[in-house]
Amino acid sequence: MSHGVHAVQHEVQHKIEHDGQHGGGHDGGKGSEASRNKKVALLIAVIALFLAFSETMGKSAQTGGLSYNVEASNLWAFFQAKTIRITTLRTAVDGRRVDIQAVAADEALKAAMTKQIEGWLGTAARYEDEADPPEGRKQLMARALDAEKKRDTALARYHHYEVASAAFQIGIVLASATVITGMLVLSYLAVGLGVLGIGFMAIGLFAPHAVHLF
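Adding 69 to a residue's 1-based position in the sequence shown gives its number in my numbering.
Keep in mind that the hints were calculated from the coordinates and are not lab data. Keep in mind that this is a model prediction, so the values were computed, not measured. Misleading hints may appear alongside valid ones.
Stated by the list, open to error - With a straight-line Cα cutoff of 25 Å, these simulated PhoX-like cross-link-like pairs (lysine-lysine) come out:
no.	residue 1	residue 2
1	LYS207	LYS218
2	LYS219	LYS207
3	LYS218	LYS128
4	LYS219	LYS128
Starting from the given sequences, assemble the full structure and let the hints guide the process.
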């Protein structure tokens, strides 16, 4: 929660305590004001509770997004390394086939070179498709794309939680202003922002890609 919101809440708490200590029950008007202030204080507490949830969930989503981004980067780097190895092996195979043509009369050497080529091709095939462990180029690409998808989902959630937190914080400020100014319309606006914040929390949690704000 921002320092500005903390400051406003502190001011509201001070006013409520002051009203309670100085004639809060001397007449109907003061009693009504004290009752209203207590209801507003309860509203502020409820919005602050949801703000705590949204900020916690937002931080978790942000951390997850960064983690998945690092994972995707590492997998793509591994993918590129496998690609380089495969290219190197296939280039060596092409060169060895030329050598075989040059020693066609030497059957023993030709057989040895052919066996070497088969070994290189087998290694290249394993680099291309290796399911156990899933470290072939094919598997690495699938894992990297999956990590990118999780990253995008986590960051989408984070953005929605950030919007929800902003709505809650503005709602707290407006509700707090009700206690200071006595303008009830500010409390209604605070309730509306609270509902809006809950809506964005729900979108972030259940359908992060349904609304695109960024």
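Hints, one by one, checked against the model:
1. LYS207 / LYS218: holds (17 Å)
2. LYS219 / LYS207: holds (19 Å)
3. LYS218 / LYS128: holds (19 Å)
4. LYS219 / LYS128: holds (16 Å)
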